[in-house]
Every structure is written in C-alpha cells, then in structure tokens.
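S.K.: Here the protein sequences line up with chains E and H, keeping their order. Here the first sequence stands for residues 1 to 278, where the numbers follow this note's numbering. Here the second sequence stands for residues 1001 to 1317, where the numbers follow this note's numbering.
The hints are simulated quantities; they were obtained by calculation from the structure and are not laboratory data. Heads up, a few of these hints could be off.
Each computed BS3-like pair below joins lysine-lysine, with the alpha-carbon atoms no more than 30 Å apart [to be verified]: (1) E:K63 - H:K1261; (2) H:K1261 - E:K222; (3) H:K1163 - H:K1266; (4) E:K222 - E:K63; (5) H:K1163 - H:K1261.
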Amino acid sequence: MSTARGISLWGLLRHVLLLIAAAIVLLPFVWMIVTSLKPQSEIFLSEIRWWPERLHAVENYTKAFDRAPLMRFLLNGAIVTVTIFMLQVLIALPAAYALAKLRFWGREAVFALVLFCILIPPQATAIPVFLLFHHLGILDTYAALIVPFTISAFGIFLMRQFFMTVPDDLVDAARMDGISEIGIVWRVMLPTALPALTAFGIFSIVAHWNDYFWPLIAVNSKELFTPPVGVATFRNEEAGTDYGPLMAAATIIIAPLIIAFLLAQRRFIEGITFTGMK
Amino acid sequence: MADVAIATTLSQETAEPARRGRPRLLAKLRRPLAALTLLLPAMTLMTLLLIGPVVAVLAMSLTDYQLGAPSWSFVGFDNYLELYGDRVFWTSLLNTLVYVAIVVPASMALGLGIALLIESGTSLRAFYRSIFFIPVMATLIAMAISWEYMLHPQFGLINLTLKSLGLPAQAWLTNPELALPTIAAIGVWQLFGFNMVLFLAGLVSIPPHLYEAAVMDGARSAWSRFWLVTWPMLGPVTMFVAIISAIRSFQVFDTVHVLTKGGPSKATEVLLYSMYSEGFEFFRSGHAAAIAVVFLAFVLLLTILKVRVIEKKVHYA
Chain E
1 MSTARGISLW GLLRHVLLLI AAAIVLLPFV WMIVTSLKPQ SEIFLSEIRW WPERLHAVEN
61 YTKAFDRAPL MRFLLNGAIV TVTIFMLQVL IALPAAYALA KLRFWGREAV FALVLFCILI
121 PPQATAIPVF LLFHHLGILD TYAALIVPFT ISAFGIFLMR QFFMTVPDDL VDAARMDGIS
181 EIGIVWRVML PTALPALTAF GIFSIVAHWN DYFWPLIAVN SKELFTPPVG VATFRNEEAG
241 TDYGPLMAAA TIIIAPLIIA FLLAQRRFIE GITFTGMK
Chain H
1001 MADVAIATTL SQETAEPARR GRPRLLAKLR RPLAALTLLL PAMTLMTLLL IGPVVAVLAM
1061 SLTDYQLGAP SWSFVGFDNY LELYGDRVFW TSLLNTLVYV AIVVPASMAL GLGIALLIES
1121 GTSLRAFYRS IFFIPVMATL IAMAISWEYM LHPQFGLINL TLKSLGLPAQ AWLTNPELAL
1181 PTIAAIGVWQ LFGFNMVLFL AGLVSIPPHL YEAAVMDGAR SAWSRFWLVT WPMLGPVTMF
1241 VAIISAIRSF QVFDTVHVLT KGGPSKATEV LLYSMYSEGF EFFRSGHAAA IAVVFLAFVL
1301 LLTILKVRVI EKKVHYA
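Isolated chain H, as found in the complex (with noise of 0.2 Å):
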C-alpha cells in the first residue's frame, strides 16, 4: 500500500527536483496529508457517533448501570439472564418476529401483485406509481393518527362498513387478538409502494425475447409466462426485497407507541418499544442496552444477508 501510495504521489513532485531530504520528505507526505484532513470530521463523528455508541452498548449491557443512580458496576451476563427468564422479552421478541412474519410476506405478495398490474398495460404507468408510493413517504405518525380515528370501534370508517354489510364490529386496537394483526397491516399499508417500487424495476429488466420465447415454447397463458420467466427471472430482487422489508419491519416502534402503548395486556409489546419503556420510561440502561443488543444481532444478520445477496446478483448479473 504504501510502496503505491509513493509511487503515484503527483507528478508535479518530479517535476520539481527534490533538492535536499527533508522537503521531499514533505513533499511525499502532503497527499496522505490532504486524506487526513478531508476524512477526519468524517473519521471523528463516526468514532464518537457509531462506533463508540455500538462498543458503549455492548458494554452498558454488562452493567447495572440507571441513569441518576450514585453508582453501578458490572455484573457479567445477568442482564441477559434476566431477559431469558423475563416472560415479558420473549413475548416482545415473538410479537416482532410475528409482526415481520405477517408484514414481509404480505407487502411483498401486495408490492408484485400491484406491480405486474401496473406492467400489464402502458397507459397511466406514473399516476399509478405515484399513488401506491404516497404511503411511504407520508409521515406515519400523522397517518396512524388518521388509522386510529378510522379504527373507532364506534364511529370508525371501517367497522361502520362492516355493520353496513352486516358484519360484526371489531375492537381492532383493544382486542388482544386483533391489535397486533392490525399494527401489521398499518405496516403492510405503508410499506408495500416501496417493494413495488423495487419490482417495478426489476420487471422492466426482464429481456423481452425471453417472454417471446416462452410463448414460442407454449406458455400460452399470462399465468404459466409468469412462473416461466418472470418468478426466476424476479429471484435477486425478490430475496432482496424480502431482506429489505424484514429489516424495516424490525424496526416497528411509532405506530405500537402512538395507538396501542405495547398493550392490551403486552399484546403489541415488540423489541424497540421494549428498549424504549426501559431506557427512557424507567431509566434501567443496563437492560435496555441489553434488548438493543439483541436488537442490532437481529438487524445486523440481516444486512449481512443482504450484502450476500447483493453480492451473488452482481456475480450473476
């Protein structure tokens, strides 16, 4: 590396013959010089920022430490121990491995549904990807507020629907078995213009011959062309999409805070909002840092699944 760095330092260096050692020396220096100065604002923030906050984390959840108190000290695995008997973590680590079970699948399924519609035809291409992407880019705090009037149990939108069409009326948010099923579908709702977007793109970069081809081989059916050609052909961007869409579910925290608190009776209770009530409601760093922990290794296997994959279509491409 640095045999390289010397050797392509400027040419305006030899151009000016170095008289004595020291200038030179200078001289040589000034390019790793000028990278020094240019990356270290960069260098710092992100030692004092990310890294330093990511080794603080892994060390806090060692310790006993609570924000206000006189003294804390280290105590080994215990705060993970408490996690392993506490009922109330493995119900939050399974309500958010629900939710991503119930959200990934079902934006994805909705995201390729909506995306082969738009495809199928040429006109109004743009005005339909512009509608089905307002969801993402809105700010869902307001948007869940606008779910939660339209959720009412008495004067919602939905449940008066469903009386009209001679349905029962659901207590969507307070009912133990339909909150977490419903935050899910908030999820779905927000989330799926953007694997759409990402189908959208995947779809156009199917070579055409190849659905020429199937026809030519019998696929005489939209439905038998599309598991032909399309589906295999969709296979990076769909393993993509999903890894996408599962870290972003992960991450649920406003609308389990803004319409159902983690309740009723931990029924929403998920990973982030745990971290959250700990840390900041009942200041116990040690075990918040200890959730946040388990948190970033579920986040982190995730990305680093994604870099696979990215890896293998660039292979393929």
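Chain E on its own, in the form it takes in the complex (with noise of 0.2 Å):
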C-alpha cells in the first residue's frame, strides 16, 4: 500500500507546485520593486538581471518623491477613505438599526430599496452625479470624492442582518433604562456589531484606496489626487522612460495596504471576500 511513502511524496509535490504558482503570482510585486533599485542602465538590458549591479535604490526614490507630490498622495488616500468608511458608518448604522430592531408601517419597502441600491454599479450613476456635483460646484474637492460613497446599501444590508441576531431583550433592556433610540444605536448596538463593522471597515477602505474610476473623473488638481490617480498621472508625464522612479512610486502607492494586510491577513481575507461579494 502506498501509504506513508505516497502521502510524503504528495506532500513535497503540493509543496512545489504551490511555490511554483506563488513565485509566478509574486512576480510583478518582485520585479517592480527589483526595478526600482536599479539604475537606468540596468533596466534598458537586453538580458535578465535579478538583482542591480549598482544599487540605485536612494536616487529613485529620491527622484520619485521629487517629481510628484506622492505624500501627498498617500495623505488623501487616508482621508478619502477613513472619511468615507466614518460616514457610511454614521448614516447606515441608524438606518440598519431602525430596519431591524424597530416596527414601523413601510419598513419592507425600505428594506426593498435598500436591496435594489445593492445592485446598482457605481460607473452607471457616474454621468447625472457628475453633472450633480458640476451644477453644485463642489468637482475638484474632497467632497466630490467622497460624497458618492457616503452612503453604502450594502453596508446597511450588512449591518440590519448582524443587527437581527442581537437579541431584543438588550434592547428593551436599554429602553428601561431610558436611553433614546439613538442612544441605542451607538451605546448598545455599535459595541456588539464591531466584528461585522471591522470587515466592513477593511471591504470600504480597500475599495477606496484602489478606486481609480471615480476620482479620475471628479478631480482634476494635482493636490487632490488619491494614490492610484497619482500614479497613473507620474507614468503619464515619464512616458515610459524613466522606470526606476516610477517603478519606486508604484511601490509606495502600494505599501500601505500591503503593509496592513501581512499585519492583518486572516482579518482581510475575510473583510474582502465576505463583504465584497455583494
């Protein structure tokens, strides 16, 4: 029988085509950040060097920083996106709340709407929130990349369905107490929904980070620029010449999340494929 043997032999296969497909899969990330060690000399060869001869690391990130405002950058990612998720969660935890906990004439024809919103792709409302936000005067501010996204259906779909199970009792309980609705909302119920409120939290953020789309139309200054537009605009002016730099840019538009996600990478996996499903 082939038992102990085969098993083993197995085992050591699993183990090499895993580490062949994670080496193919890992081969952008490795490239991109061998490329912006090295110096332009290295990088327009005609054979494949895996690591520079001459390390040009601090002269293209040096060259990076200098040629777009990349701090910049990184700083409105962070406030774009923990704006957006700290609105989603102040309007939809109300709302979820109100469609789970409380009895009221419509609440099933909210909740239908609530679910149809889920469906709606945010390219197709790009056009009329555009000319919204051109009439109102606010394109080309931090509140035309973030208004779009302050309100998230889904989030509060999330939210009413994590809300169900909290028991009523707690709830009436607090009512005793005297705590107003809203009271309950951020006193009782936001406590208890943290686990679903953390993979929210990591689905919104991520989303936004890497949202290109959107911003690309609603900001046009340089100083307004999130990540993936900033970078996309630095490749634009080097046109294809200067790939440490770029290469050293990309890197750092990337390292936050990537970053945060070995920190973090149980907590993500679930955060992304369970509440990006939608």
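Bring the two chains, given one by one in their own frames, into a single complex with the hints.
M.R.: Okay, structure coming up:
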C-alpha cells in the first residue's frame, strides 16, 4: 500500500506546485521592487538581471518623491478612505438599526429599496452624479471624492443582518434605562457590531483606496489626487522612459495596503471576500 | 402592518395610563417618528446619489444632452439607434463579452485548482492563502504599471524569458490580436485569489464522511473522488463564483485606461471605457448615458441571477 510514502511524496509535490504558482503570482511585485532599485542602464538591458549590480535605490526613491507629491497622494488616500468609512457608519448604522429592531409602516418597502440600491454598480450613475456635482460646483474638491460613497446600501444591509441577531432583550433593557433610540444605536448596538463593522471597514477602505474610475472623473488638481490617479499621472508624465523612479512610486503607492494586509491577513481576507461578494 | 406597529409600541406607553386622546396619539407616533429620524439621512442620500441618478441616466439616454451645450431636447430612442448602428459600440460590447469569457473560466479554474492543492495538505495553508490573495487587494493601477514594464516588447521580463527559451518575442499590448487576451490575463491574475478563498470556504464545508463513503464505494483515486463528491457538492459555490466573477469582469476599466486606451485599433475598447470616453472626454452625455444603461442592464441581469442562486443555496442548505 502506498500510505506513508505516498502521502509524503504528494506532500512534497504539493509544496513544489504551490511554490511555483506563488512565485509566478508574486513576480509583478518582485520585478517592480527590483526595478525600483536599478539604475537606468540596468533597466534597459537585453538580459534578465535579478539583482542590480549597482544599487540605485536612494536615487530612484528620491527622484520619485521629487517629481510627484507622493506623500500628498497617500495622505489624500487616507483622508478620503477614512472619511468615507466614518460617514458610511454614521449614516448606515441608524438605518440598519431601524430596519432590524423597529416596527413601522413601510419597513418592508424601505428594505426592498435598500436591496435594489445594492444592485446598482457605481459606474452606471457616474454621469448624472458628475453633472449634479458640476451644478453644485463641488467638482475637484475632497467633497467630490467622498460624497458619492457616503451612502452604502450594502453597509445598511450587512449591519441590518447583523443587528437581527442581537437579542431584543438588550434593546428593551436599554429602553427601560431611558436611553433614546439614537443612543441605543451608538451605545448598545455599535459595541456588539464591532466584528461585522471591522470586516466592512476593511472592505470599504481597500475598495476606495484602490478606486480609480471615480477619482479620475471627479478631480483635476494634483493636490487632490488619490494614490491610483497620482501614480497613473506620474506614469503618463514619464511616458515610459524612466522606469526606476516610476517603479519606486508604484511600490510606495501599494506599500500601505500590503503592509496592513501582512499584519492582519485573516481579517483582510474575510473582510474583502465575505463582504465583497456583493 | 399598522396594527402590528401599534400592538408592539412599547409597554411603557400602556404602563402610563392614557389621559386624553392627543398625548396618547403622540406616544403612539413616537416609535415611527424615531424610525423616520434614524432612516432619514440614509433615505435622503439613497434618493440623491443612487435612485435619482439611475432614473436620471435612463432619462438622459433619451436626450441629446451635452455638457456645456446651450440647450437639449428629447430625442426618444435615437441614442440607442445610434449605438445599434455604431461599429465601435458593437466592438466594445463584444470585447467586453470576450474579456468576461476569458477571465471567468480561467480565474475559476485557477482558483479551484489552487484551493484544491492547498486543501490537499495541512501545512502552510494560511501562508499560501495569503500569498495568492495579495493581487486581489494590491492597487491594480500600480500593478498595471508593473505589468506594462514586464510586457515591454524589448526590455520586458516576459519577452526576455521567451527569447532565452528560443521563443519569439511578442508585442503584447500593441498587437491587436494579443492586446485583449493580455489585458484578460492581468484580470485573471488579479481575480483568481478571490475565487480561491470562496472555493476554500466551499471545500471546508463538504462533510468528510462523504469522502469516506466514496472510498467504500470504490472511488480509489483522488480524481474519481473529485468527480463523485467534490464537484457536485461545490455546485452552488461554483455557480455563485461564476456570477460574481462575471460581474467583476464586466467592470473592467483600470487596466484598459492605463495600458491601452482601448487600442490598438479598438482591440481593447470595452463598455466602461466607451462610456468614460464618450461621457467625460467628449462630453456627449446622452450618448454615454445610453452606454451606461446597456452596462447597467447586463450587471443587473447578472446580479438577479446571483440572488436566485443564493436563494436556492439557502433553500437546499
């Protein structure tokens, strides 16, 4: 019988196959970082060089920071994503609570509306929202980057589903203590909802950090660029001639999310897949 | 509904004996009023930013509205008729469908393959899961720039590798025959890790005794156990992953905008890119709105399909 030896052979083969696949999948990251360390002369080379002979890291990264306000892009990314998430919570949580725990006429209709709104892909509404913002005169501002995403129908749905599992006794006890309905949302429901909220937060922040379509439309000024628009513009200005600084810029742009991911892999994977299934 | 609402308004109110009609009515209204206050911000924004714009995009697709033009008028279905007769639109729609047709099966096969490999052993599971998930969350625009350099016709890693193997170099992004498959390959690279996690979840939920039973029934090879147990048990998950991948692939835009601008000669023109260039480069809003409606229709159709699958899954669970 092929028991022990068969299993260990297969175990070895499994690692070999997975490691080869992993190497291929990580290649664009590895090549990006290696290139960001190379001088121009070693980038335009007709042979594969896995490690630069002359390390040019300081020059490339300094150049990247000189030519584009990368710190500004990162700061904008942080401002926009964190503000979006905070407003989403501020608006979605009370609505989710009302839909889960209060009985009122028209509740089913409101919930159906929320479900319909989940179906709407954000790109489909870009033209009217753009025109609306044009007439309000708020294009090319932080508001233009943030406002369209302040309402997350999916966030309402997710938190409502979660609140349904919170026992009614908890809510009733809070009411007996004389806490107002809005007080219950923040002081009773919010603490119970932290795991669900974390998952939604990771999903929301990653999605909006990486979003390219809307910021591309909504802003024109370099000071307002989010990381993806910033790095794309940097590339267009370089027109594919100076890859060292360009790869340095790209590395800097993806670094914050990758580092955050490596620190909390499980939470990230759960947050993005199981809330990102919408 | 109203009776239920009244019947369940709080015990506090019944505890306080009602003195006159008006205060009691106010007390009864308190709960719906609270609900209204809690829902008002969300409802307002939903109307202004989601429902309103969907209605507006439908309405705009029936006008000749152009940003900055002095006037506009209703033109009925002219925009759609124009799309119908427009070669570029059909190319765009076809390219989007081809992209979906490449990315969905490829990212599913890879996702399932890797998930099965990871599940077939016990060591380093979390490690591999994380590695293959990195492309899913890394900023696609930055990675597209890295891909562009890897695909460089002369100095790119891929062509240098091909040359060292004695194979001909390719103009990946400038050859009209290769550009769309290349963009799709980047799409597969980015998406399959997402599918892998969903498949992993599906695999874990298959009861182990089914495999034992299959072995007893004579399914000795891993191959036959896969077809006898894994594949049928994964059915609903597979369907679900297919639809989600299709929805995601339908929204392809970033890589096209950065790498090919829809070219060469419209070889990578896709729906969202057409909508973007019509609406935000040429400002032909009415025309762009019609493309948006076509896009919306496809995505809604897929989403409704997904909801059906979820309901079925819950039903049989």
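S.K.: With reference to the structure, classify each hint as holding or not holding.
M.R.: These are the hints, each one checked on the structure:
Distance check on the hinted pair: K63 of chain E and K1261 of chain H sit about 27 Å apart at the alpha-carbon level, within 30 Å; holds. Distance check on the hinted pair: K1261 of chain H and K222 of chain E sit about 21 Å apart at the alpha-carbon level, within 30 Å; holds. With a C-alpha separation of about 29 Å, the suggested pair K1163 of chain H and K1266 of chain H falls inside the 30 Å cut-off, and the hint holds. As the CA atoms of K222 of chain E and K63 of chain E are separated by approximately 17 Å, the hinted pair is consistent with the 30 Å bound.
A C-alpha spacing of about 28 Å is found between K1163 of chain H and K1261 of chain H, which places the hinted pair at or below 30 Å, so the restraint holds.
Comparing the model with each earlier hint shows no violations; every hint is respected.
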